[in-house]
Every structure is written in structure tokens, then in C-alpha cells.
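There are 2 protein chains.
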Amino acid sequence: MIKARVIVTLKNGVLDPQGKAIEGALSALSFSGVDQVRQGKVFDIAIEHDDKAKAEADINAMCEKLLANTVIEDYKVELV
Amino acid sequence: MIKARVIVTLKNGVLDPQGKAIEGALSALSFSGVDQVRQGKVFDIAIEHDDKAKAEADINAMCEKLLANTVIEDYKVELV
Numbered sequence: 001m002i003k004a005r006v007i008v009t010l011k012n013g014v015l016d017p018q019g020k021a022i023e024g025a026l027s028a029l030s031f032s033g034v035d036q037v038r039q040g041k042v043f044d045i046a047i048e049h050d051d052k053a054k055a056e057a058d059i060n061a062m063c064e065k066l067l068a069n070t071v072i073e074d075y076k077v078e079l080v
Numbered sequence: 001m002i003k004a005r006v007i008v009t010l011k012n013g014v015l016d017p018q019g020k021a022i023e024g025a026l027s028a029l030s031f032s033g034v035d036q037v038r039q040g041k042v043f044d045i046a047i048e049h050d051d052k053a054k055a056e057a058d059i060n061a062m063c064e065k066l067l068a069n070t071v072i073e074d075y076k077v078e079l080v
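Protein chains in written order, with full-length UniProt numbering: chain A, 1 to 80; chain B, 1 to 80.
In short, the hints are calculated from the structure, not lab data.
Worth double-checking, as some hints may not be accurate.
Heads up, the list lumps identical chains together, so a pair's fine if it works in one copy or across two of them.
[What the hints assert, rightly or not] Lysine-lysine pairs mimicking DSSO-like chemistry, simulated, CA-CA at most 30 Å apart:
#1 K52 with K65
#2 K54 with K20
#3 K3 with K20
#4 K65 with K20
#5 K54 with K41
#6 K65 with K54
#7 K11 with K76
#8 K20 with K52
#9 K76 with K3
From just these sequences and the hints, can you work out the full model?
So, in C-alpha cells, the structure goes:
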């Protein structure tokens, strides 16, 4: 069993209205000093087999095909 | 300027229909060997000042009040 964590974030320069809304909400809750918030997604994936190389290749392919929109998003895969 | 990453994940035992949908989609894309997928959220927060202790306390408070629903979600704060 291999566990991996994939973190998908918007590329720099891509507008993030959700992050802006969170900034506004934090400000309304009187949190000061927040410069910027950007929201992304995290996927925790459990793979049945124990072949690390194959798991990493598979997960990169999953990101390219399904989990991330590589036009506007970056992804990072960490085996844990 | 302090940058922090907050990762919010569903607690164990909480149903994750979004993760189940991703499992189904991966299976439809012929990825085999995927045991489980769970989806969470990531927030990249930039804080204006340089006081690490205050930043960490503030971000924990933001998580408790806004970013995470602590009934069903866990959060982890990493200063980067």
C-alpha cells in the first residue's frame, strides 16, 4: 500500500475569486495583516500495490488527465 | 512576509462523495490499483508581518473560525 498526496494550486497570475472571498471574510472577522489567500485542492490517494516507481508514474498521469487542469493549475506529488 | 500553507482534510470516517466520484472517474480512465481517494482543501496564506509566533496563532484561529469545519475536518498549518 502506497499513500500519496497531490497538491493542486492555481498558477501565479491566474485569478482566484475564492481566495479573494476568503480574504474578505478574514478581514470581516477582524484578522489583520493578511496579504493574500489562494485556495487549492489536495487529493490523498491510496494505491494498492507497492511499486513506488509505477505509483508515481500513474499518479502523474492521473494529474495530467483528471486531477489538475494544467492550463491554469500546477500540481505536486508527494509519496508519504 | 510569512507564507503558510494550511491543509484541510476530512476526518477519518466522514463520507467523501467527491473522493468516491474521483475513484470512479479514475477507474473509467483505466487507472487500476487505486484503493481510495479523499479530497481536501489547501490554502496558501501570505501574512504581511514577520512575527512567526503571531502568524501561527492567527492562522490557527482562522482555521478554527473560518477555514475548517472542525466537526468533520482536520487541519494542519505549515509555515514555509
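What are the numbers of the hints that this structure violates, sorted from low to high?
Failing hints: none at all.
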